[in-house]
Each structure stands twice: as structure tokens, then as C-alpha cells.
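J.: Starting from the known structure of chain X, arrange chain A on it as the hints suggest.
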Amino acid sequence: MTPAITFMRRLSSLIYLGLLVAGLAAVSAMGIFFMVVSDLPRVPEPLNRIIETPPTEIFAATGERVLLLGGREAVPLNRISPFFIEAVTATEDHRFWEHHGVDKLRTLKALWITLFEPGRIQGASTITQQLAKNLFFSFRRTYMRKIRELLVALQIEARFSKQNILEAYLNQIPFGIGAHGIEQAARFFLGKPALELNLAEAALLAGLPKSPTRYNPYRYFERAKVRQKIVLARMAAAGFITPQQAQEAFQAELNLQPRSVESRSGSYFLDVVLNHLEERYGPDVVYHGGLKVMTTLDSQQQSLAVDSVQSGLAKLDQTLGIADDTENSSINPGLHPQGALVAIQTNSGAVSALVGGRDYSETEYNRAVQNNRLPGSGFKPFVYYTAFEKLGLSPATVVVDKKVTIAVNGAPDWKPRNFSRTYEGPMILKRALLKSVNSIAAQLVERAGPQAVIETARRCGVESPLNPVYSVALGTSGVSPLEMASAFATFATGGIRHQPFLIRRVEDSLGRILEEHIVGGQRVLDAAVTYQVVDMMRGVIDEGTGAVVRRLGFNLPAAGKTGTTDDYRDAWFTGFTPNLSVAVWVGFDRGTGMRDNNNNGITGGKGAAPIWADFMARATAGEPPREFSVPSDIRLEKVNPVSGSVAGAGTQDPMQVALRTGQDTIQASEIFTKKPENSPKTPEYTTGTPAYSTRTNKQSTIVEEDLAPER
Amino acid sequence: MTIVTDWAEPKTIKEWSQRVFALRPILLILLVTGILILEMRFDWVERILGAYLVTTNAARPESGAVWEKGHRARTAQINLEKIITDRQTSQREARSAQSFAQIAAGLSAGQGAMLSAERFRQLYLEMLPTVSQEIISTFDLLKIAGQGNWRRTYFEKNGDDLIAYLLDGENRVLREIDIPSNVLPQLGRQDSAAAETLEDLPIFKNRIYPAARFFEALAAFPDEIRRNMILNPAALLIPSGQIMRVGISDEAVSGYIDLGFEFANGTRRQVVLAQGQDWAVWRLRSYIEGKDTAASPITDYLKDQKPR
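Residue numbers (the numbering used here), protein chains in the order written: chain X, 1 to 711; chain A, 1 to 308.
The shape of chain X in the complex, shown without the other chains (with noise of 0.2 Å):
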């Protein structure tokens, strides 16, 4: 046999081989197609159907929309810019108005990289394979979902025009950060409409579909400017632009919309809103049921707010010496200290700012309501509220700064330390809270009990889990910076508790009432007590432990206290002007505790107070001085601090007192003299240095006891 007839036969062979395996193959794509046919999903007709769905819209107080739910803004292929039609058909298509659903060569090619070039995998969806994948079938890749959606696309391709699938495409896409459709992105990324993209824009949003969350130029720009200049690479190459525009395009200076509450698809207001809506509706009315929700969101408060936070949260990492690796990666939670902010109008309880955290991208946790941290002595307006209404002290009442042991059934005696480890002997208790002296608060506690203590801050608002024991009036239970915002704001309308909301008003898509939020003000305290707690803790911003606020130059009038936990775990400011309340804390989510350099421990002062006086500062910027309204009942008288007697033309350094009608300067003060009578147990107060002297007030008939502070 000659090698021609060797070679004919073998090529005879292959023929019938290859006629063989092609009948096979195509027998077998008939099967496949007939098996897969009947169960394709239907197409939806006409193809704009998918972005009928009513989308649910979330409003600012301030009337400008902050979210958009579940549907899409579309916009005809007219009113996008055709930089960016080019741009997304050179990408991600570029033979889109050639094929008739599949591109046979890219998909051969493909194939061919996918089979004999291991570890590469070549994609080859055209444009309408893309758009059937997202509209039907799961991102599982599996070769059957291939074949479902190729047919699925065949027949878009042979029931639609190109600009219908293209215009359906582009308003689908998912760009990030709850961007869905290119007019969506546009003015989430760019702040313009689509029609309005340049060059340069359009490129860098086109090149974000491939990964929104890789290419998410807030967070990696370098990433998306790569990413840009491909996308630029591949206009010129499919001759849309030329190589010259492509460079002038890529060195173009992009002006990105600053991120603010609109441009994410969540924060942390907005989760509280969203978790309420849920568990009010259910999932399927809030994501799909177009409803329309007016909430407390002060967008301008909110943006300062998370500006407050987020540069106080940068500096306060200088300060503890933690490195800043924003520019690299993300931060990690668990590394850097975090903070919540809270504001609240305190005439109607509406939540007009929340943050959660330094990031919410980093992290979804919300401190601000998920959060229970101890406030420390942050709930001393509580106790001394309860010692006046309860036991009929004024701030003026005289009580001695000194160690104290407090017996506790069945437990081990309660010896709270004040935060300097010094006592200083007698103050009046206005003194006592603007140096947050945690002996007196301690006295006092013991005195009201704690149960009435806690019964006052409940009446406030307060619903977290409190323990009903001493040291509750030192903050040894759990709340929430919602929860302290709130509680405040009652000291700030003198009395009035509103309920926190976050929502006024609930609509339907056709603007039918769901629900609507009433303001009801309850008088929980006695005004003119709350007025005497009220200017205390003024004079705690004034001159006390967050004085910090008036030197970073907040002047309005202001009432506040700070919190601070032990090991300075935690670090709190919650203070109120007579409108705005606003609670701020910092600290580690794990509870490590917060020292700088020279291992000083952050206070409420030194970590929160600055946040809060920042974000103050800015918030009420321009708003005239009003002051806190003093009932009729209370009478202003300047004492001495130590010894409460009206202060006379020789008293040093003066502090004025709102005593009530019928309330005399140092009249309670002998009562800390004595056992307490319904004490459970005989409470051993322990002196430092038993260096009494007794002396007679000229003003006053009262004898003091005088004790020398101990250092």
C-alpha cells in the first residue's frame, strides 16, 4: 500500500469521524436544546417590564431623597452619553451590533483558552448574554446556566431591537454602592445626569460593571483609574476614539460627587429606618412595594456628623499612636478605636444624625443603637436628679469628698475610687458634678437607693437592662448613645420626654398614609429639679470636666457630661443646648482599653467631648444664643463651693447655685453626717486623713465637717 492510499484512507477515516462526531454532536445539541427548552424562564414583554417595579424612595426632613430601593431609575438610550455607550460596547462587547446574541469567534476563542490553556479562563458574553444572565439565572457558573442563558439571549436578540437590549442593559447594571442603571451611577459617582458624562467619566464608569466592589473608586481609585485607562484602551482599538483622546482622557482630573449619605446604598441612619420598615412591612413591601418614608434625616447634620466622627476617630488614633493605614487598605475594625454620634431635636425626640461607627463599609455594626457600653459617669445627672426630687437636696447642699465604703447585701462591700484617687473634703454637689466626684455620687446613691435611681433615668427613656445596685450611679450598666441622646434631651426641655424617632411619615407609591409618627410630649420631671440638674451640668461645659468644649470654641449656651469607663475602656460626652441633644462615645469594640503615647488614659474629655464641640459647633453654626428656660420656682444664688453659704464680697471663686422656692443654701448637708436610716446596712464612711476641724459659717449656723484632701 502506497503512502498515498495510507494517507487517503486515514484522511477518509477522520472525515467519517469528524461527520460522525458532528452528527453526534449535533443530534445531541438538538436533544439538549428540546430538554432545556420547556423549562427556559419566560421573557418578559415588552423588556422594560423588568424596571417597572415601583422603587421604595427614603427621604431627608430637608425633602431631598437619601435612598432609592429596589428600582431603577431608567433613561432612554438618548439621554446617556454616547462616550458611554461606546465605551460599555467596547468593553464589554465590542461586536454587539454585529451578533445575533453570541459572538462565535470570542466564544471559540474562549474555548479554545479555556480548554488548552490551564488555569485561564476566557469570558466571552456578549452584551445580551449578560443582560439574560442578570435578569433570570443565578451567578453559579455551571455550563448549563451557559446554554440557558446563550438561548435565553438568541431569543432576546430575535424578539428585540438592539437598542431596546442595549437601553435594558444599561439601566440594569450594577455599578456598586447601590448605584443599579448608568443614570443611577452617574449622579451617585459624578453628581450630573448620564447624558452630561464626558470622556473620561465614561470610561471610568464603564470599566466598574466588571467589579463594582475591586473597582469602587471611593475606596481603590488607583484600582478604578486602572481600570479606566483599559477601558480607554479598548475605545481606541475598536475605533470609537483615537490614541490621543484616549491619553488626554486618562489624564483628565475626575471630580468625584463627594460621598455623602445619598451616594451609599447604606449608613447607618438608614439601617435603623430599614430595620423598622422591615420588621413593620416585611421585606417584600420595603424592597419591592415602592413606599415613600419621610424620616428625621437631617442630611447636612448627618454629613457633619460623620465628618465629626470620622476626623476625631483620625486623631484620636494619632493619639494613641495607632498608624494610619487608610491609604493601603482598609481599616480594621478591630484595631482602631470606634465612636457613634447621636443628635437629637429636643422638642420632638426626631433623631436628626446617627452614626455608627468610623466606616460603614468597614463596618455594618451600629454602635449607636446596637451598642450598649457603660456611660460611666455619664449617669450621674440620673443620681443627682434622684437625690433633689427624692431627697429634697439642692446643689448647693454640702456633702464631704472621701473615701466611702458602702456595704452590699450578700456581696462584697462597694468601695468606689474617684477618677483622681483624691478627695477633697466638702463641696457643694454642683461642685461635686462639675469635677464628677465619684464618692459624693456614691453617697448619694446610697441615700436615694438605686432603684430609685434607675427609675429616673427609666423615666427618661432610658430601656436598656439597668442592675438595680450602688454602683449603677457611677454607669455600671449598658446603654446605648441613642439612649443617652434621648435620656438628655428630657433634662433639656425641662422635663418633657419625647420618643426617638426616625421616621414622620410612611406613603405608598400613590402617596396613600401607612403611618405618620405623632409627637407626644410627656412631663416625666419635675421641672424646676431638672432646671437645677440642668445647670450643673452646664457648669460642667463651662468649667468642668468638659470645659475642652468652650476652648475649641463652642460658645452657645450648653449642658453636658462626660463618661468615662474603667481602664478608659470607654469615653463619652453627651451634652444638649436647649434644641439639639447629642450623645458621642468612643472606644474599642473589643473593650481594650484607650492610652496614649505616655500612657494617659482617654477621657470622655480628651476622646469625646472634642468630637462633640466639633460637630456642635458646625451643626448649630449660626444659630442666635438661647437660653435653657428657668421656671418660676427657681431663684439663682452665687455660694461658696465648699461650704455652701451664700457667697459674700471675700468668697473665692463664687459659683452660682438654682436653688428651688423654700430651698436654702447648705440646708441638707448634716444629713450626710448621719447614718442613713434606711440603709440596709450601717454604711462605714471611712475618712482619709482624720484631720477634722470644725468651724462655724458666719452665714450659716451649720457645722461643717472639714476634711483635708487627701493626694
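Because the hints were derived from the structure by calculation, they are not lab data.
If a hint is listed, it holds; no wrong ones were tucked in.
Straight line, CA to CA, 30 Å or less: simulated DSBU-like cross-link-like pairs of lysine-lysine:
no.: 1; chain 1: A; residue 1: Lys82; chain 2: A; residue 2: Lys69
no.: 2; chain 1: X; residue 1: Lys146; chain 2: A; residue 2: Lys69
no.: 3; chain 1: A; residue 1: Lys69; chain 2: X; residue 2: Lys210
Just the calculated beta-carbon pair ranges, DEER-fashion:
no.: 4; chain 1: A; residue 1: Pro61; chain 2: X; residue 2: Gln522; range: 53 to 61 Å
no.: 5; chain 1: A; residue 1: Pro61; chain 2: X; residue 2: Pro76; range: 28 to 36 Å
no.: 6; chain 1: A; residue 1: Gln147; chain 2: X; residue 2: Glu64; range: 29 to 37 Å
no.: 7; chain 1: X; residue 1: Arg618; chain 2: A; residue 2: Pro61; range: 55 to 63 Å
no.: 8; chain 1: A; residue 1: Pro61; chain 2: X; residue 2: Leu20; range: 30 to 38 Å
no.: 9; chain 1: A; residue 1: Thr56; chain 2: X; residue 2: Leu510; range: 33 to 41 Å
What you are looking at is a predicted structure, and each value in this text was computed from that prediction instead of being measured.
Glycine included, each C-beta is placed from N, C-alpha and C at the ideal position.
T.: For chain A alone, coordinates are given in the frame of chain X:
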């Protein structure tokens, strides 16, 4: 039919050539090549398959993400419609209610209804003074209305009680009115006919007097006192017919006592209710029953009264 059984492999290259370049193989190759070229050029396979799939579209299932979303949207709409319908029903019932009692009856737990301030005032004015004073003093209501910012009233159930919130334009509560469940039944009472005869109303049991005797006693008192005995006597001029009998309740509510006037118009009878101040009505009743023989000057009565 010819069965090829004598096929033999070509032995020479010439035979191979003759077979390969025969008409049929060439046509077959041309056909296949043509088909392939046409497919690459015109995508006819895609077109045929696509066209076929279009014909089967209507019979295929509504499955996949976009349809699921649609189903969810429909479910959401159904749920929303139910919520809205319930709310509108309670709103409609509240708007058509003729008394606060009917509003309360139309509300279920957790439901509320919003009425205009105007409608609240209408319902308030239609109540008997004895009852209306029970829920809010006219002077208090006057003060709120006079401030000019009362826009709406929201009603909601709190257990069996009814709570009414008088609201301003920003939904701030100007006044919260708690109406206990035991008061609610009385809120439906009005001055209009309450029954056909006084015997139908247990509150007048054993205290029903002939009209002549009642008016004779009434005439014995000075005007200053009579004004307190029947607070709105003009209302009794509205029904046609003759007053046959008068009933006096033994129960004072918020300082007022009910009086029942039984009218006869041919064979038809009806009872019209009125109210009087308790101290005045008690005095009148004593006079009717002969326990008080003389009508004292007004100062004798008034000096014992505590201000209300």
C-alpha cells in the same frame, strides 16, 4: 431500494481521486462549507433558534430573578393594599361615626384614625354636656381651638380605652385625651330621641313625674336657678307634640344630671334628653316630691356650691 454491499476500498490513488472528486462529495463539501459561511455571515442558526424560542415564550414558566422580583412586588402590593384598605376602612368609619363611641367601636387594637379638628368639634358639640365635660372641659377645648394651630385629631385604642390626640400641623400633640372604657358607652348619647317611653330608660326608674307637676315646680324657682335646671331648654321646643311626663335621673355625671322628656304626638311617643346642674336638679326634685316646699332665693343655693 439498493443496498450497498459491494463497497470496496479503492486500491489506487486514481480510484481515490475519482471518488473524492466525484460530483456528490464536491456538492456535499460545497454545501457544508456554504452552510458554515452563511452561518458565520448571517447567524441563521441563532435566528432560527431565537425565532423558535419566541414562539414558545408564552408557555414557559415565569422563573428567574426578574420574575421573582415581580412576584415579590405583587406580594408587596397585595400586603400594602390590605394595610391601606384596613386603614382606609377605619378612617372611613371614623369619618362617618356619629359619636366617639362609634369611633372606638370601629377601631381595633393597634389601629388609629385621623379626623379633622372640625369634625372633632362637631362630635364634641353633639354630645350631651354631661358627657362632653367628662372627656375635656369646654374651656380647655376653647383654649386649644383659640390658639389656632389645632389641625387634626388622631384616635387610637389603648386596651379598651380610647385616646384622642389633638394635633397641630406638624403632628405635635397639643392635648392628649384619655377616654376610659367605662365612659365610652355614654359618648354615643345625644339630645335626640333616646327611647319611646321613659320606662325604656332604667335611669329614670321610680323618678317619673307628670309634666304639669314638673313645670309647676320649675316655675316656682327664679330664672337664675331654672337656667341651671335645664341647660338647653330651647332644644325641647324642636320635637312636635305634647310633653306628657318628665324623668329625672338619680345619677350625676361630672356635675350634671339627665332629664328625660316624653313627648306624645298622636300615637307616637319619643323621649328627648336634657341635662341640668346636679345641685339645681336635686333641688327641683325635692320640690316636686314635696321635700322642699319653698324655692329659696338663688343665693341660698349658690352659696353652698363649690366652684366648678
